[in-house]
Structure formats: C-alpha cells, structure tokens
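Enquirer: Line order of the protein sequences matches chains X and V. The working numbering puts the first residue of the first sequence at 1, with every later residue one more than the last. The working numbering puts the first residue of the second sequence at 1001, with every later residue one more than the last.
It should be emphasised that the hints constitute simulated quantities derived from the structure, not laboratory data. Fair warning: this is a prediction, and the values are worked out from it, not measured in the lab. There could be a bad hint or two in this list.
[Unchecked claim] DSS-like cross-link-like pairs, simulated, lysine-lysine; straight-line CA separation at most 25 Å:
(1) V:K1435 with X:K232
(2) V:K1105 with X:K185
(3) X:K232 with V:K1433
[What the hints assert, rightly or not] Residues from chain V that keep clear of chain X, each with C-beta distances beyond 10 Å, as calculated:
(4) T1031
(5) E1073
(6) S1196
(7) Y1268
(8) R1276
(9) S1282
(10) L1299
(11) D1450
All C-beta atoms in this analysis are idealised placements derived from N, C-alpha and C, irrespective of residue type, glycine included.
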Amino acid sequence: MRVSLFITCLVDQLFPDVGEAMVATLRRLGLEVSFNDAQTCCGQVAFNTGYRPEARAMAEHFVRVFESDLADFIVVPSGSCTAMVRNYYGELFHGPDDGEWRERLTRVRSRLREFSEFIVNDLGVENVGARFPARVTYHDACHLLRELGISDQPRRLIRAVRDVDFVEMESPDTCCGFGGTFSVKYGEISNAILQEKLARISSSGVEYVVANDSSCLMQIAGGLSRAGSAVKTMHLAELLAKQ
Amino acid sequence: MSLPDPDLTQRSHAALENRVLQGALKAATATFIERRREAITSVSDWEALRQRARQVKEHTINNLDYYLERLVEKVQAHGGTVHWARTGDDVSRYIIELARARGVKSVVKSKSMATEEIELNHALEAADVRPVETDLGEYIIQLAQEKPSHIIVPAIHKTRAQISDLFEEKLREGRPNEVAEITAMARKRLRNEFLSAGMGITGANFAIAESGTIVLVENEGNIRLSTQVPKIQVAVVGIEKVIPRFEDLSVFLRLLPRSGTGQKQTAYVSFLNGPRQAAPESGFEFHLVLMDNGRTRILADEQLRESLYCIRCGACLNVCPVYQKIGGQAYGWIYPGPIGAVISPQLQSLKQSGDLPFASSLCGACRTACPVDINLPDLLLALRAKSKESGSGKLSERAAMRTFAFTARRPWLFTLAGRMMRVFARLLTREGKIKSAPMAPLSDWTQYRDLPAPTGRSFRERWKKDRHE
C-alpha cells in the first residue's frame, strides 16, 4: 500500500521531527511512503481568519498537488488540517461554476486520512510495535475530536505501546486555548484557557502529554516551558516511533 | 451605570483580573455542565431528540411568515391584541402608550432577553412607568444597575456575599446572609409589587402557532404571578420563537430545561391563551408584541439563518472556554458566549460587535452542547468572512494573508520563506527557546508562552537531503 504525506506547514517548518516520526512509523507498518514537495499549506489560517479568497487559492493548490498523486491514501499528522480539507473546503468551492472543483475535491478528499484514524480504521492496527517506558496522558485536540469524531483511535494506539503508563487527565476534551490567530489576537484569554489545561495536566502526574496536533502541542509546550514545568509534550507519531 | 470599555481585549482583561468573578464563573459553569450531563442521560436518545428539534426549527424558520400569521389569527381569535414591531423603539413606544392609556404606573416583568435586548426598562423609566424585575437574578441585576451576564442566570457573576452587600445597601432592611434570607427579603418586596402593578410584561420561550399559545418556562413562580395578578398582560416575543404545533412543544420542553439548568423539567410551565376573560368590560387584556429588531435581516441570509434556531438555553455559554474565563459582561452586549458572538453582530452590526466572532478558539464545544445542533463554529467562521469582506481588520494582517497565500502557491518561495523565517527565529533564540520577540504577532505569543527553538532544516529539506544521500 502506498501513502502520500500531507505534512502540514507547521510540522514542515517547526516540527520536522513529527513528520519523520510519522514516516518511520508508517514504514515499520510496511507501507511505501512518499512526499510530494509541491505541497505547502491547507489554508486554514486564512480561512479561519475570514480571508476566503486567499484560503480558496491555497485550497486549489492543495487539490492540484494531491490529485496528481497516485497513492492509496493521503495521511496527515493533524486533525485540524484534515478537518479543514474534509469539512470546510466545500465552503470554498460552493459557487455555481465550481462543479468541476467540487468533483476534484471529492476525489482527493476520499483518500484523505488523519494519522491515527488511518492506522486504526484503515490498517486495522493498534499495536505498531512501539515501546516507551513513561507515564503519559492524552489531550483531545478540538478539531480532531469534534470535527472528525476521533477520540478512541489515539487512545488505543497509546495503550498498545509497550511499557507506557497511560492515565487520563480530568476533562481531556477541553480546549487548550490555541485557536489559530485567536492565540495572538486574544493572547490573554488564550493563556487563561491554557492555564486551566496546564493545571489538569499537572495534577495528572504525567511526564508526557500526547496529542495529534502540533498546534495544540505548541501552545501546551509554550505554557509548560514558561511555567518551568518538567512535563514534556509529544506528538502521537513521535510516541509511536519510539522503540 | 458606567459605560463598558469599547474594546473587547480591555473588557476581558478586566474580567480576567477580577478574582471574585473568576471564582464565581468557574464554580457556576462547572455546576451547570455537570447538571446538564446528568440530566441528558434520562433521555433515551438525546441525539435523535436534538435532531428532531433542529428539523422543527429549520422548517419553521423557512416558513416563518406562514406560522406567524397562524399565530396571530389564533391570538386574535382568543381576544388578544397583536402588534408587529419593526424595531426595539416600536416595542417600547407601544407599551408606553398602552401604559399611559390605562394609567399604569408600575409594571412587573419576568425575565426576558427580548426586553433586555431593546432596553425596555430604560424607556419605561424615561416615561415614568416603573419597571420591576421579578426574577431573582434579574432583580439583583436591576438593583445593581448592571446588565445580565448569562442568558438564563443573569447574576451568575455575583457571589452570595456581593448580593448580601447589595441588598443591605439598596433595600435598607439589614444584611441578609443566608440564601434563604436573601430570597425572603426579595419575596417580601416583590409581593407588594405584584399586587400594585398595573401591567405584567413577559417574554416567551415558545409561541405555538396552531393554538396561539405563549409558553413560559420558569422555576420561581414569578412568571405565574406576573401573568395572573395584573389585568393587563404583554408578551414581547421575538419572531423566531414560533413553533408550529403543541406536539412540537414536547420536543423542546424535554431539551430546554435539561440543557439550561440541568433539570428534567422546570417547576412551572405557563400557557397563555389571550386575556383571562375575553369580555372587554372585564378589563383583562392580552397584548402580543411580535418583535423583529433585526431578525428578518438574519432570516434573509441563507447561511446565517440558522442563528434563529436558538432557544436561549445558555448551554453553549457554560461549555465555552472563552465564556468560562471572561464571563458575560465582557461581551459588551446582552447576548454573551458563542451564540452571543453569532447574533450580536447580526442584531447590532458588524461594525459594533464584529470583533466578537474572532474571540473564539473554534473548539466546537458549543455545537456539541447545543440542543438544536446549531453549527456555531461555522456561523462564527461565516461572520469572520463577512467582516473581512466588509474591509475590517488591520491592513498589516490583510497584507500578511495575501503574501502567505501568494507564497503558498509557489513551493520554491514557500521553502525560501520558511528558511528565512527560521534564520530570523534563531536570532531570537536563547537557551533553546524564544522567550521574547520584538514585534507582533510573535510578541503577542511570547508575552504569555515560549516558542520552540526552530530546527535547522524543515521537513521538506530533510526529505530532499535523505533522498540525495
């Protein structure tokens, strides 16, 4: 089976280790992994900030890049970017003359998978052969949970990691306060929400917080670091790559 | 009353600095979330019920003219008078003229967001008609000369100690300390008001078209009294409150109390069918004021129309991480939380409250909690787009987004820009972290959080290198 990576701009530019961990994990599962370097960004930042013509331009680029790709699946290490393409691209191609774009989008979208959803639902795998002797908790990234309905798959994958001590924090499904440009437009509110999350992470007594979205992890890590906490963040792909 | 700060950032800053408010909000929202969670387990298929409610609302809103006409016919057939009000001023004018014509000096009011929306109390006071709020929360808010901070719990931001202080200062009958003493003091005052008022003003939770019935849901019994004691009865009803049939009411009466207060049912549900005695010489009157005040504007927009499905339960406020932190008053108008961020810019204007849709992390907890499954995140996004279409926003932001979109369509430029960004970021790195930055938006981030130190190469650069080695 061949998979093509949509690595997301944030992972590409700031967290390349996450992308490499995803490659390592997928290869360990016997998949042929490819990366089309014409890809850039899904356009969610522009869309969520209200700039639809700009978002549309980026969506067109995304569709063009991935429709030419012949892989069986397009795998994404982010619930948020997956949700953008799956749930919101339609709103960017809703014009009366966009019929052809909608068809092209549908063809690309049908192959698009979020990382944990792909492993558990499409491959039917829970134990990816990882080992990590540490106490970890899981943060439900909002778009992964509520836009894509994915909460069980990441937990199954974590529990199947050898030697992992998985504990749930209180209210793992509440927002970390990131919210894209919200995190800088309303930094003080964003931080107040983050502090609630950090308090729950802290009281769970873990060494690592795992999530499937580098944006949430950047927010949580930024808060932990500022507070001088010893707790570390880790993308699910990084956990699954550990051996 | 002091005017709220015009800037949302400053209003929320004040709220975040207020430790008493923070404590009150945290306790209250947590309690309501827990009660709701508990209450919805008593419905065998909650999801099916909310989808049914959504269908009813969708159908009614799409055929609003038809159902409003049926409602009006029925109310008139029962001997009620119907007044169509285009604006809030129309509503106030009608009620003031009615009060003057009947020699009414004071009115008792039940909790009504519609009358809060149009600031009816101010208009009545200016016309020498004394309004008395009879819902305990609203009574507190009226004494404090504030605006409600929650759709169903107007004084959610106040602690018991603050209310004790307020009663001591305003009512001058000593300091009530226990909740029972506070309610007893309010009850004693309000009883006299009920008996002397010439008019009772309510809102409506639902207006049933097929029977011309106004339905009011409450726990305190004050609505029952304000609709039973004064001879003249006025219901101020937003046009979106109509539902087709009694049968539909059973759907909403299961959803509303569970979503709002976390109750299976409220202590009282009142049904008003016109004046208590139809004969004009009896002196009993019933007036239905159907209020537009911007609602037909929302109706005209096919995408935003869904905003009118709201049944004002307040569930989206309680689960909203932003509301939990800044409370209701920081939103600047009477509708707070996610639904407030959606309807305020539409009922007022994007110019007045267009910043509200941006004050959300788009976490989607609101949609999950909504008993009619309103897609609140999608509505917030639509309003953000409208706001940018209308040209609002900083020029620097617009330029940045255009540049980003331009770059993102040119992979070579994207790679180059990324490299430059990381070089710049490395200049700011100290001990593996970026703790401060010289300019926005980076400095808006580092004011509260660290940024990770950038890595040497991007994923795409590493991939290319691995390939060539």
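Enquirer: Now, for every hint given, state plainly whether the structure supports it.
Expert: Outcome of the hint check:
no.	hint	in the structure
1	V:K1435 with X:K232	17 Å, holds
2	V:K1105 with X:K185	49 Å, violated
3	X:K232 with V:K1433	14 Å, holds
4	T1031	14 Å, holds
5	E1073	39 Å, holds
6	S1196	45 Å, holds
7	Y1268	34 Å, holds
8	R1276	48 Å, holds
9	S1282	55 Å, holds
10	L1299	20 Å, holds
11	D1450	4 Å, violated
Hints 2, 11 from the earlier list are contradicted by this structure; the remaining hints agree with it.
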